[in-house]
Amino acid sequence: MELSKEKKLWMLERMLQIRRFEEQVYDCFLKNKIPGFAHLYIGEEAVAVGACANLREDDFITSTHRGHGHLLAKGADPDRAMAEIFGRRTGYCLGRGGTMHIADFSLGILGANGIVGGGLPISVGAGWSAKYRGTDQVTVCFFGDGASNQGAFHESVNLASVWNLPVIFVCENNQFGISVHQSRHQKIKDVAVRAKAYDIPGVIVDGMDVLAVYEACREAVERARQGGGPTIVECKTYRFMGHHVGDPGTVYRDKEEVEAWKEKCPIKCFADKLIAEGVMTAAEFEALDKRVTEQMLAAVKFAEESPWPEPEEAMEGLYV
Amino acid sequence: MELSKEKKLWMLERMLQIRRFEEQVYDCFLKNKIPGFAHLYIGEEAVAVGACANLREDDFITSTHRGHGHLLAKGADPDRAMAEIFGRRTGYCLGRGGTMHIADFSLGILGANGIVGGGLPISVGAGWSAKYRGTDQVTVCFFGDGASNQGAFHESVNLASVWNLPVIFVCENNQFGISVHQSRHQKIKDVAVRAKAYDIPGVIVDGMDVLAVYEACREAVERARQGGGPTIVECKTYRFMGHHVGDPGTVYRDKEEVEAWKEKCPIKCFADKLIAEGVMTAAEFEALDKRVTEQMLAAVKFAEESPWPEPEEAMEGLYV
Amino acid sequence: MREVTYGEAVREALAEEMRRDKMVALIGEDVGPYGGNFGILKGLWEEFGEERVRDTPISEVAIVGAGLGAALTGMRPVVEIMFCDFMGVAGDQLLNQVAKIRYMFGGQVEVPLTIRTTLGGGRSSAAQHSQSLHAIICHVPGIKVVVPGTHEDAKGLLKAAIRDNNPVMVFEHKMMYNKKGFIPEGEYVTPLGQAAVRREGKDLTIVAISSMVYESMALAEELSAKEGIEIEVVDPRTLVPLDEETIINSVRKTGRLVVADEGHETCGFAAEIIRRVVKVGGAFDYLDAPIEVVGTRDVPLPFSPPLENYVIPSKARIEEAVRKVLGY
Amino acid sequence: MREVTYGEAVREALAEEMRRDKMVALIGEDVGPYGGNFGILKGLWEEFGEERVRDTPISEVAIVGAGLGAALTGMRPVVEIMFCDFMGVAGDQLLNQVAKIRYMFGGQVEVPLTIRTTLGGGRSSAAQHSQSLHAIICHVPGIKVVVPGTHEDAKGLLKAAIRDNNPVMVFEHKMMYNKKGFIPEGEYVTPLGQAAVRREGKDLTIVAISSMVYESMALAEELSAKEGIEIEVVDPRTLVPLDEETIINSVRKTGRLVVADEGHETCGFAAEIIRRVVKVGGAFDYLDAPIEVVGTRDVPLPFSPPLENYVIPSKARIEEAVRKVLGY
Ligand SMILES: Cc1ncc(C[n+]2csc(CCOP(=O)(O)OP(=O)(O)O)c2C)c(N)n1
Ligand SMILES: Cc1ncc(C[n+]2csc(CCOP(=O)(O)OP(=O)(O)O)c2C)c(N)n1
Ligand SMILES: [Mg+2]
Ligand SMILES: [Mg+2]
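Protein chains in written order, with the numbering used here: chain W, 1 to 320; chain F, 1 to 320; chain D, 1 to 328; chain A, 1 to 328.
Rather than coming from a laboratory, the hints here were simulated on the basis of the structure. Every residue, glycine too, gets a C-beta built ideally from N, C-alpha and C. One or more hints might be untrue.
[Unchecked claim] Among chain F residues calculated to face chain D with C-beta under 8 Å, some are:
no. : residue
1   : Glu-2
2   : Gly-97
3   : Arg-184
4   : His-185
5   : Asp-199
6   : Pro-201
7   : Ser-306
8   : Ala-314
9   : Leu-318
Using the sequences plus the hints, can you model the full thing?
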């Protein structure tokens with residue numbers, strides 16, 4: 001199916017938003033403006049955007065510790081996301097959550113998660129609920145190659161399979177769980193083969209190619225919406241940065257490998273392609289980039305100028 | 001490979017021991033001589049015996065809530081096992097464990113387990129240890145079809161696979177987790193297909209045929225001993241009784257199904273075969289059965305005549 | 001009042017709430033045609049059908065997570081964990097997900113999830129099927145904890161739990177399921193967070209949790225009749241939130257306290273009650289004697305009856321503690 | 001004495017024990033070339049090689065189980081759970097397997113397993129990476145629990161844990177890893193189960209756990225210098241088994257008690273200490289004032305520094321509690 005120009009440009013813009021957002025986070029982190037730590041999504045933008053490009057506002061996603069990209073792809077407000085990362089009261093979670101715990105329930109974003117694999121069971125619940133309530137909402141569950149070794153993965157996919165739930169399990173296989181290469185954490189080469197263990201479809205796709213991700217997820221989302229049950233979509237990707245800001249990411253992988261992957265930059269490749277196809281001009285891309293960069297600078301400004309929460313607010317809101 | 005007569009008779013005797021032991025447990029339970037509850041192994045004897053027939057005394061097994069059969073197959077003493085089930089001080093665990101918690105570490109029996117799936121991770125540790133210590137000991141890990149949906153299953157088999165450990169995962173697929181039929185707890189038909197999720201061999205075998213189980217496990221055990229890593233061996237079997245004594249086992253399955261499976265009784269079929277082959281005569285079988293039955297009556301007597309533990313003993317032995 | 005078993009009281013609560021609200025659905029292991037591991041759910045599957053009373057695989061992580069995800073997206077699920085001993089299997093979903101999701105996300109969402117489970121020893125179920133682990137949930141903020149000690153509460157508190165827009169975990173006592181007792185006629189809901197003074201007295205307060213309520217009441221009646229000792233029995237009913245005021249007031253009145261709870265003694269909820277009573281603003285100045293706890297002794301639950309009976313709390317052990325404190 | 005970081009003290013303990021006994025091996029996530037999540041293991045993989053310092057998949061259930069199975073069959077493994085917040089993931093292996101296996105099987109086997117993990121807030125790691133969940137392990141009998149509050153103990157207690165033939169869980173404080181402090185020259189092992197009186201005093205006892213030890217010591221010195229108030233600081237060092245005698249004796253002497261522990265206040269270990277102190281045979285008769293607890297307030301750990309600082313215990317909050325109790 002040929003995609004509309006708007007859709008393509010939307011994808012490009014969203015990927016760019018994520019990249020520029022993460023760059024600001026990186027920058028602010030180094031300047032000690034951000035508390036805690038942060039896992040950046042740089043290099044993996046095509047996965048979140050390609051998947052979410054199939055979703056309606058009332059569809060659900062569950063996210064991970066590396067969640068900024070998922071959030072923005074599903075439409076979250078960069079200002080409130082940045083403010084949360086800065087720990088400010090204007091943030092999505094009033095400063096209580098921080099980088100690893102952002103959600104926007106009004107957009108079906110059921111939350112990032114500090115626990116590897118922690119979001120998988122929740123996604124199955126959202127899928128069960130959609131089916132029970134008789135809607136055609138679907139849920140996209142993002143998880144990493146490392147997470148695919150958690151018991152939660154197994155129980156969740158099995159339950160989604162036997163109950164035939166509308167959940168798309170999108171594996172971001174960036175080949176590492178922190179410092180441990182896939183070959184040292186599982187014998188299989190492709191996480192998608194695990195679909196066989198649940199008798200559901202498993203597909204493998206180039207996670208650096210947003211259109212490929214989009215297409216694979218489109219099929220899976222359509223199937224899920226029509227009652228065809230869950231799918232595992234494995235996206236082969238790579239994180240360009242360390243595991244978190246602070247990890248140079250060099251102990252466990254060599255420069256050449258990182259550089260080779262950077263050549264496949266999902267944004268640059270897609271932009272080049274759109275320019276070559278005549279969908280946009282180089283100048284238009286530059287203008288877009290400038291606009292997005294300014295948007296992210298504005299998000300930082302918003303965050304920086306936002307008030308800190310008052311200490312006693314910590315005691316509010318545990319229960320309804 | 002043609003098996004020796006002794007080996008065949010050993011298998012028959014062990015299966016018979018299990019059957020007669022369990023019948024005594026059933027009987028004593030109905031007579032209120034046994035506290036708690038008990039999960040009987042009747043119908044599944046070929047699995048434990050076929051698997052353990054490949055093991056040395058210094059090999060390990062981990063067992064389940066339905067563990068009496070595994071124990072006896074690995075050579076446990078019926079007297080001490082029965083006494084434990086009776087809660088007596090002469091039992092394997094001084095009365096502290098009971099039916100679901102019997103172990104004999106001197107025989108490599110690392111324990112039954114009240115937690116479905118709880119033994120799988122332990123078996124991987126035993127496998128790791130054998131490899132680390134440079135022995136060629138193997139570990140057989142028994143688990144049910146229901147247990148194959150536990151996260152512990154997934155994490156354990158994955159770790160055994162990526163570390164290439166000498167563990168044989170023997171699935172006793174009796175098609176039910178309590179009242180829930182396999183088709184309602186997983187979409188796959190064969191648990192063994194899950195081996196693909198770990199890139200290890202998975203084999204399916206008739207769990208009512210002790211020789212078939214023996215052969216499949218023999219290959220897996222040899223491979224493991226020689227450093228070839230883990231295998232999943234799925235044994236299709238059936239429990240003739242309810243989930244535990246007290247469950248008639250009728251709500252969720254019909255009489256015809258149960259009767260049809262009883263036709264495949266692993267003991268009767270194997271005995272018939274040995275008689276037909278001339279390995280033994282019908283009279284010899286009867287004599288054997290008589291001897292085994294007496295052995296189990298003696299075990300009951302031993303248990304019944306054994307003292308109860310003193311209350312204060314409860315406070316002993318938490319730590320070394 | 002009507003006479004029912006504790007199990008029937010639970011079933012009535014479930015049936016009434018399911019009739020009332022279509023978004024209430026029940027999942028767990030063997031909750032369907034089998035009627036639940038303890039048989040107390042019989043009839044629900046028949047009345048409400050497969051979609052609303054649903055058997056799961058043996059996957060506690062996914063079961064709790066499914067309940068949570070559903071609660072976040074419009075349902076009001078009731079999840080069963082067969083024995084609280086299995087909580088550890090789903091430990092992360094309980095402690096890091098269910099307990100935290102509302103607070104951590106800045107109060108964006110309500111989490112109307114009820115988790116039912118069982119606690120208690122007394123049937124030789126040994127180390128992994130006899131524990132009373134409610135204190136673990138109480139320790140990690142974010143889940144309300146309910147421990148019905150009477151038939152009336154088994155129904156009324158469960159109904160309140162299901163209607164609550166927060167996660168609530170209900171610990172039912174497995175040894176009470178088949179016991180008969182009285183509940184009010186007609187519909188009623190028992191609010192969470194209110195302790196009940198089961199019996200007034202001036203000489204000593206027993207704070208009694210779950211099945212310890214009936215044991216303590218029996219003891220109190222006995223001591224009153226035989227020796228004129230008047231014991232006040234306070235049943236907190238919900239541990240989170242805890243109605244500490246009622247407890248403190250009782251101790252201020254009696255000056256003596258025994259806490260009976262089937263959790264292990266070390267780091268159990270009994271210790272928490274003591275902390276509240278002896279803190280500044282509590283009842284310290286009113287105390288005439290040290291405080292004793294009667295709980296499950298600090299070893300795994302043993303199988304054999306003489307051992308188990310020694311380890312779990314009983315009326316006799318409560319009496320012993322009461323006499324120690326009274327005689328001080 | 002030598003000056004090292006707390007992290008170095010831990011590494012020294014591991015290296016020494018690994019040199020001493022070939023059956024000691026280390027597994028966990030990123031413990032290999034990466035040097036551990038907190039960087040404190042750097043050099044071990046290089047010295048002992050891949051077989052003895054082994055990265056695992058992200059599979060806490062299998063990691064703990066692997067350690068347990070190995071401990072049952074001749075090894076003396078040291079397992080790392082990166083944050084104690086992840087304990088829930090491996091909850092069943094910890095609470096139902098590791099804790100129970102020796103007792104439940106009638107003492108047939110020794111379980112020389114050490115589990116290292118981290119606790120503590122203070123670096124904006126939010127709700128799932130900042131908890132102090134040691135009380136959960138203390139509540140379920142069968143695992144010894146060690147909470148080193150000094151550099152010396154970080155090394156000495158870990159060495160004792162590794163040599164112990166029971167399962168021991170060591171909770172290291174992540175905020176202390178990079179702090180410098182002093183440890184003895186040469187080899188030493190600090191026995192489990194013995195509290196340390198870190199400072200003598202007559203006016204009030206602070207029982208201080210983990211990082212609360214240094215905070216309490218600093219406060220005590222300050223109050224002594226400025227106001228002549230003499231506080232006794234008792235560090236239990238191991239919570240299971242607990243050296244309650246030293247604690248009770250201290251309270252008998254001072255008559256006043258504050259407990260500082262970073263666990264949540266409700267059902268935390270602080271409450272357990274209070275239970276021991278006010279029971280019959282404790283120090284009830286010697287108490288001149290109510291008892292206060294300083295712990296992590298009863299909400300999930302929030303991310304933003306002003307919120308987190310409000311929630312976790314601090315010297316200032318200990319001082320507040322001390323003044324409350326002293327002024328009573
Ligand atoms: C249960 C659990 N174990 C360990 C961690 C520590 N941890 C955080 S991220 C991470 C690696 C996750 O790898 P993967 O799932 O592949 O995601 P990626 O970081 O590559 O995006 C680990 C081990 C955690 N947060 N939760
Ligand atoms: C973690 C856990 N969940 C639930 C149970 C309750 N339970 C005991 S046995 C059983 C069924 C197990 O099924 P399967 O693994 O197939 O073994 P089988 O009983 O068929 O031999 C269940 C659900 C348990 N003991 N542990
Ligand atoms: Mg990864
Ligand atoms: Mg089964």
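Outcome of the hint check:
{"no.": "1", "hint": "Glu-2", "in the structure": "40 Å, violated"}
{"no.": "2", "hint": "Gly-97", "in the structure": "6 Å, holds"}
{"no.": "3", "hint": "Arg-184", "in the structure": "6 Å, holds"}
{"no.": "4", "hint": "His-185", "in the structure": "4 Å, holds"}
{"no.": "5", "hint": "Asp-199", "in the structure": "23 Å, violated"}
{"no.": "6", "hint": "Pro-201", "in the structure": "24 Å, violated"}
{"no.": "7", "hint": "Ser-306", "in the structure": "11 Å, violated"}
{"no.": "8", "hint": "Ala-314", "in the structure": "4 Å, holds"}
{"no.": "9", "hint": "Leu-318", "in the structure": "5 Å, holds"}
Of the hints listed earlier, those the structure fails to meet are numbers 1, 5, 6, 7, in rising order.
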